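Line by line, the protein sequences give chains R and X. For reference, each letter of the first sequence is one residue, going 1 to 583 in UniProt numbering. For reference, each letter of the second sequence is one residue, going 1 to 583 in UniProt numbering.
Warning: the hint list may mix true and false statements.
One copy or two, it doesn't matter: identical chains are merged, so the pair holds either way.
[What the hints assert, rightly or not] Here are the simulated lysine to aspartate or glutamate pairs, DMTMM-like style, with alpha carbons at most 20 Å apart: (1) K240 x D297; (2) K572 x D447; (3) K536 x D483; (4) K539 x D121; (5) K539 x D447; (6) K320 x D193; (7) K572 x E228; (8) K539 x E140; (9) K42 x E550; (10) K159 x E238; (11) K159 x E237; (12) K159 x E140; (13) K320 x E255; (14) K247 x D325; (15) K572 x E275; (16) K348 x D292; (17) K539 x D340.
In short, the hints are calculated from the structure, not lab data. Since the model is a prediction, treat every value here as computed from it, not as a measurement.
There are 2 protein chains.
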Amino acid sequence: MGCSTSNPSFSHLFISTLILLTTLYTTPQISAVQYPINVWPKPTTFHWPHPQAITLSPEFTISSPPHRYLTPAVHRYLRQILTEHHRPLVTPLLNLTGGPPLTTLTIIISDAAAPLNHGVDESYSLTIPSTGAAAVLNAETPWGAMRGLETFSQLVYAKPARVACGLYISDRPLFPHRGIMLDTARNYYGVEDLLRLIRAIGMNKLNVFHWHITDSHSFPLVVPSEPELAAKGAYGEEMKYTAADVKRVVEYGMEHGVRVVPEIDMPAHTGSWAEAYPEIVTCANKFWWPADAGWADRLAAEPGTGQLNPLNPKTYEVVKNVVRDVVSMFPDQFYHAGADEITPNCWKIDPSIQAFLSNNGTLSQILEMFINSTLPYIMSLNRTVIYWEDVLLNADVNVAASLLPPEHVILQSWNNGPSNTKRIVDSGYRAIVSSSDFYYLDCGHGDFTGNNSLYNMPPGSDQGNGGSWCGPFKTWQTIYNYDITYGLTEAEAKLVIGGEVALWSEQADSTVMDSRIWPRASAMAEALWSGNRDEKGKKRFAEATDRLNEWRYRMVTRGIGAEPIQPLWCIKNPGMCNTVHMA
Amino acid sequence: MGCSTSNPSFSHLFISTLILLTTLYTTPQISAVQYPINVWPKPTTFHWPHPQAITLSPEFTISSPPHRYLTPAVHRYLRQILTEHHRPLVTPLLNLTGGPPLTTLTIIISDAAAPLNHGVDESYSLTIPSTGAAAVLNAETPWGAMRGLETFSQLVYAKPARVACGLYISDRPLFPHRGIMLDTARNYYGVEDLLRLIRAIGMNKLNVFHWHITDSHSFPLVVPSEPELAAKGAYGEEMKYTAADVKRVVEYGMEHGVRVVPEIDMPAHTGSWAEAYPEIVTCANKFWWPADAGWADRLAAEPGTGQLNPLNPKTYEVVKNVVRDVVSMFPDQFYHAGADEITPNCWKIDPSIQAFLSNNGTLSQILEMFINSTLPYIMSLNRTVIYWEDVLLNADVNVAASLLPPEHVILQSWNNGPSNTKRIVDSGYRAIVSSSDFYYLDCGHGDFTGNNSLYNMPPGSDQGNGGSWCGPFKTWQTIYNYDITYGLTEAEAKLVIGGEVALWSEQADSTVMDSRIWPRASAMAEALWSGNRDEKGKKRFAEATDRLNEWRYRMVTRGIGAEPIQPLWCIKNPGMCNTVHMA
Numbered sequence: 001m002g003c004s005t006s007n008p009s010f011s012h013l014f015i016s017t018l019i020l021l022t023t024l025y026t027t028p029q030i031s032a033v034q035y036p037i038n039v040w041p042k043p044t045t046f047h048w049p050h051p052q053a054i055t056l057s058p059e060f061t062i063s064s065p066p067h068r069y070l071t072p073a074v075h076r077y078l079r080q081i082l083t084e085h086h087r088p089l090v091t092p093l094l095n096l097t098g099g100p101p102l103t104t105l106t107i108i109i110s111d112a113a114a115p116l117n118h119g120v121d122e123s124y125s126l127t128i129p130s131t132g133a134a135a136v137l138n139a140e141t142p143w144g145a146m147r148g149l150e151t152f153s154q155l156v157y158a159k160p161a162r163v164a165c166g167l168y169i170s171d172r173p174l175f176p177h178r179g180i181m182l183d184t185a186r187n188y189y190g191v192e193d194l195l196r197l198i199r200a201i202g203m204n205k206l207n208v209f210h211w212h213i214t215d216s217h218s219f220p221l222v223v224p225s226e227p228e229l230a231a232k233g234a235y236g237e238e239m240k241y242t243a244a245d246v247k248r249v250v251e252y253g254m255e256h257g258v259r260v261v262p263e264i265d266m267p268a269h270t271g272s273w274a275e276a277y278p279e280i281v282t283c284a285n286k287f288w289w290p291a292d293a294g295w296a297d298r299l300a301a302e303p304g305t306g307q308l309n310p311l312n313p314k315t316y317e318v319v320k321n322v323v324r325d326v327v328s329m330f331p332d333q334f335y336h337a338g339a340d341e342i343t344p345n346c347w348k349i350d351p352s353i354q355a356f357l358s359n360n361g362t363l364s365q366i367l368e369m370f371i372n373s374t375l376p377y378i379m380s381l382n383r384t385v386i387y388w389e390d391v392l393l394n395a396d397v398n399v400a401a402s403l404l405p406p407e408h409v410i411l412q413s414w415n416n417g418p419s420n421t422k423r424i425v426d427s428g429y430r431a432i433v434s435s436s437d438f439y440y441l442d443c444g445h446g447d448f449t450g451n452n453s454l455y456n457m458p459p460g461s462d463q464g465n466g467g468s469w470c471g472p473f474k475t476w477q478t479i480y481n482y483d484i485t486y487g488l489t490e491a492e493a494k495l496v497i498g499g500e501v502a503l504w505s506e507q508a509d510s511t512v513m514d515s516r517i518w519p520r521a522s523a524m525a526e527a528l529w530s531g532n533r534d535e536k537g538k539k540r541f542a543e544a545t546d547r548l549n550e551w552r553y554r555m556v557t558r559g560i561g562a563e564p565i566q567p568l569w570c571i572k573n574p575g576m577c578n579t580v581h582m583a
Numbered sequence: 001m002g003c004s005t006s007n008p009s010f011s012h013l014f015i016s017t018l019i020l021l022t023t024l025y026t027t028p029q030i031s032a033v034q035y036p037i038n039v040w041p042k043p044t045t046f047h048w049p050h051p052q053a054i055t056l057s058p059e060f061t062i063s064s065p066p067h068r069y070l071t072p073a074v075h076r077y078l079r080q081i082l083t084e085h086h087r088p089l090v091t092p093l094l095n096l097t098g099g100p101p102l103t104t105l106t107i108i109i110s111d112a113a114a115p116l117n118h119g120v121d122e123s124y125s126l127t128i129p130s131t132g133a134a135a136v137l138n139a140e141t142p143w144g145a146m147r148g149l150e151t152f153s154q155l156v157y158a159k160p161a162r163v164a165c166g167l168y169i170s171d172r173p174l175f176p177h178r179g180i181m182l183d184t185a186r187n188y189y190g191v192e193d194l195l196r197l198i199r200a201i202g203m204n205k206l207n208v209f210h211w212h213i214t215d216s217h218s219f220p221l222v223v224p225s226e227p228e229l230a231a232k233g234a235y236g237e238e239m240k241y242t243a244a245d246v247k248r249v250v251e252y253g254m255e256h257g258v259r260v261v262p263e264i265d266m267p268a269h270t271g272s273w274a275e276a277y278p279e280i281v282t283c284a285n286k287f288w289w290p291a292d293a294g295w296a297d298r299l300a301a302e303p304g305t306g307q308l309n310p311l312n313p314k315t316y317e318v319v320k321n322v323v324r325d326v327v328s329m330f331p332d333q334f335y336h337a338g339a340d341e342i343t344p345n346c347w348k349i350d351p352s353i354q355a356f357l358s359n360n361g362t363l364s365q366i367l368e369m370f371i372n373s374t375l376p377y378i379m380s381l382n383r384t385v386i387y388w389e390d391v392l393l394n395a396d397v398n399v400a401a402s403l404l405p406p407e408h409v410i411l412q413s414w415n416n417g418p419s420n421t422k423r424i425v426d427s428g429y430r431a432i433v434s435s436s437d438f439y440y441l442d443c444g445h446g447d448f449t450g451n452n453s454l455y456n457m458p459p460g461s462d463q464g465n466g467g468s469w470c471g472p473f474k475t476w477q478t479i480y481n482y483d484i485t486y487g488l489t490e491a492e493a494k495l496v497i498g499g500e501v502a503l504w505s506e507q508a509d510s511t512v513m514d515s516r517i518w519p520r521a522s523a524m525a526e527a528l529w530s531g532n533r534d535e536k537g538k539k540r541f542a543e544a545t546d547r548l549n550e551w552r553y554r555m556v557t558r559g560i561g562a563e564p565i566q567p568l569w570c571i572k573n574p575g576m577c578n579t580v581h582m583a
């Protein structure tokens with residue numbers, strides 16, 4: 001039948017049928033999936049008054065202004081659109097227009113020269129007519145066009161291919177910084193894994209890959225001016241990242257509208273540097289928690305000791321070489337300099353530091369020396385520096401705010417939920433939220449240390465939360481429902497630039513990367529793109545469940561090994577797997 | 001250097017060096033990895049007084065008596081032995097003999113006709129001389145020979161290949177029933193996944209794949225005499241198991257010494273049967289927990305309602321067809337008939353059952369009817385029947401022990417840890433232990449139901465154990481340390497025939513099968529094969545950590561996507577990732 005807004009009887013019949021069928025499967029407590037086919041993250045505005053679909057012509061093309069990174073993206077999406085033939089789990093109840101097929105998607109960009117920087121305009125609007133006329137994707141920048149292409153691709157389905165039509169989408173993110181942090185030092189990930197991660201990041205309209213490259217356990221990055229760091233500090237010859245590997249990752253990111261932000265954690269978390277330069281690392285290769293020592297006297301937060309010695313001038317020779325080369329390999333404006341978890345005793349056992357302390361020096365002064373000797377240098381290379389919250393907020397070792405100019409320093413929170421976010425923004429800094437209570441993806445798998453008698457309790461003992469320091473496991477709903485500006489005034493919230501879920505790799509590597517990250521990171525992706533509330537301001541996690549189910553399956557067919565969130569039965573029976581009572 | 005027991009100075013020097021190197025890496029709290037190359041599960045007896053290795057000849061062959069299932073296993077192991085070239089993470093400190101290579105492994109079987117039944121002798125002994133003379137694998141049965149072949153394969157490493165020599169292993173399992181249960185009804189797994197699972201099961205010297213095929217959510221098994229059950233109850237055309245698929249799985253199991261035990265859960269967990277036969281299922285397709293109903297008035301233990309109606313004669317027509325065909329498709333002596341989690345209200349809302357109950361009938365009598373009408377039939381087909389503990393132990397609905405002859409019925413525990421195991425054996429039944437507190441692999445990922453306001457608590461709320469009914473996540477150490485005969489007398493313990501870890505698939509399917517099961521199931525595999533204690537009777541979980549690390553990596557290189565248990569740094573620095581204090 002034709003698709004026309006001047007055919008009221010058909011429209012009414014269709015909508016009545018839709019409502020009827022929807023009612024059959026609803027329960028009073030939840031709202032039904034709103035559309036027959038959905039986009040994840042849910043767009044800001046999605047007008048589809050008379051849901052229909054139009055055949056996609058086998059000669060479908062995308063016309064776009066040429067652009068170094070958008071052009072490969074267009075090719076990639078065109079190939080996917082023509083070949084994916086996705087079959088949703090719940091067949092969309094959509095009639096075809098019966099008219100001419102859709103043959104063209106036209107991309108119009110206002111500012112083709114806009115670089116992929118923090119805060120770049122990612123908005124777009126998408127119109128797909130029912131008449132066979134060209135679909136039009138308007139975007140301010142090429143990066144917004146990539147977001148719009150992803151949306152378009154999710155509206156295509158079936159074999160032969162068809163696409164939702166008679167719709168208008170206007171879309172833009174709530175937060176400019178939406179990322180995933182992956183730790184490639186506790187365990188190694190191959191380059192192909194990182195590319196696959198970036199592909200999934202782009203699919204979810206996230207825009208940052210925060211690459212925690214090095215730590216005490218390994219130093220896989222081949223730094224051209226400091227080759228010994230990886231030569232001695234990597235796990236093995238095949239477990240390194242060369243400059244060519246990094247280039248590949250960065251370019252691939254650009255083609256997906258994903259910024260790659262490097263983190264070289266310092267001065268703690270640097271035990272691996274001691275393989276090449278034992279003289280610049282304190283307490284390297286020591287047992288992390290000596291027998292008969294209290295927690296306060298540990299040498300590291302977890303096994304794997306070593307912190308850079310800020311009192312040794314040699315430290316800064318090496319650090320500057322590393323920073324200079326990393327800045328050169330990673331073109332993004334943001335550079336993450338770590339500065340988390342300085343363990344007091346690891347410094348205190350060093351003789352030169354002992355001498356300093358016995359002269360009325362403090363550990364905080366030592367950290368200030370380190371910051372003063374490194375931060376200005378990074379800034380001079382035209383970088384904005386991200387530090388973990390500890391550099392300012394740690395109770396034992398911290399620096400004065402006067403050393404951290406807010407125009408050039410951003411702080412990333414991870415403890416105490418919204419409290420620390422508030423402390424950060426109240427100190428005048430922009431915040432990236434990674435509260436471990438919500439956004440740490442590794443939590444809930446127990447403690448990884450060996451010889452741990454916690455796990456040798458008699459049957460019947462209370463297993464608590466399983467031993468993971470940040471347990472329990474953060475479910476997708478927990479992540480979805482987190483408001484990263486919780487408790488902040490409007491003015492304070494302005495300084496929250498976004499959030500990142502983090503996968504620390506003590507118990508993760510390639511075999512679980514996809515399932516440990518997805519689809520839970522998709523939950524944050526929607527919360528940070530278009531929010532977690534419906535038009536009435538109510539949390540929409542119930543309605544999101546069925547949409548996330550479909551999206552998880554689509555990611556799997558696209559080669560991302562996301563874990564399932566429910567039995568398949570649940571999505572085939574919408575609403576039937578809800579719980580009514582509070583657990 | 002030559003390998004000879006008459007060269008004391010060399011032996012002493014070597015052992016001294018080994019002790020010295022070992023000491024360098026030990027901490028006082030744990031015993032070092034005992035051998036340069038290890039086998040998982042650890043063999044019962046492993047004599048290797050002068051650890052050495054011998055080159056494997058490129059013409060290495062295995063001579064074995066012909067046997068329908070052992071012969072393909074021999075071919076498989078030979079190919080692996082010649083091509084694997086496994087490189088352990090910690091290079092074994094082993095000198096080569098310098099003498100002739102090993103060219104032959106000879107297999108000698110005492111009882112080649114022994115079938116793969118419960119209790120079959122799986123013992124073997126393995127001698128690998130250093131002289132180049134043939135290695136000899138003695139086994140009572142072909143199934144013991146398969147265990148020995150797996151052990152031999154784990155002693156081979158490097159490129160060019162070499163194998164540990166100058167050793168004698170004598171090995172046999174503590175428990176005869178050592179299995180993995182996989183639920184393929186909440187979510188579907190392809191046949192290739194099941195074959196890979198069986199391969200991993202055999203690698204770990206487990207011997208049972210308990211296949212929980214059907215449930216309320218789907219009925220994927222194509223039963224030849226009842227084709228409508230799968231035609232209407234499977235998730236889809238490509239999500240079924242045909243008779244040919246089953247044959248393939250069973251045969252593959254035989255080739256790996258793995259028995260495939262089918263479970264067709266009844267009378268609860270049968271909602272999917274209502275798609276074909278609505279008349280024999282009560283409370284099908286209802287919302288599982290109606291609004292304003294207390295937990296006691298729920299219709300099912302989780303979303304997905306439906307229980308067979310024991311008062312409808314039609315029920316037994318269908319059940320008998322299913323049982324007959326399943327018995328015919330699965331040759332194993334054991335048949336699992338389910339009988340867990342009967343939800344009272346699901347029966348009570350049925351008019352015929354209401355009539356029965358109002359005539360002074362009880363739900364337990366109804367269950368007794370069901371058992372009386374089905375159990376003798378299954379027994380008549382020469383099967384031993386496994387039921388879940390509920391059939392005897394459930395507080396609300398259970399049958400008298402007189403209906404369950406102990407010679408023909410085995411009970412599988414899952415609640416209340418050792419208490420229910422004790423109740424089972426004290427009632428005179430053999431027990432398979434699957435205590436959810438230890439052996440349920442799905443625990444710890446939260447509750448899968450949607451619209452669950454548990455996950456919409458304000459930041460700072462106590463997240464408890466994350467919402468999973470059986471949380472927290474069971475770490476490998478928790479599983480390893482579980483004594484399935486805890487608290488039992490010697491006589492009681494005799495009735496415990498073994499254990500099974502269980503992967504319920506509400507939140508699991510192909511993308512996570514390997515990582516959700518391995519290497520945690522390996523922990524149970526060793527505990528049930530050779531135990532979890534050292535020669536002094538002390539729990540050996542500390543020493544097991546490094547061995548399990550190596551084994552996890554070997555499984556990964558063999559194509560099983562096991563999750564990592566520690567940073568790679570930990571295995572390269574043995575003992576350094578232990579914890580000293582109780583957490």
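What hint numbers does the structure not satisfy? Hints 1, 4, 6, 8, 12, 13 and 17 not satisfied by this model.
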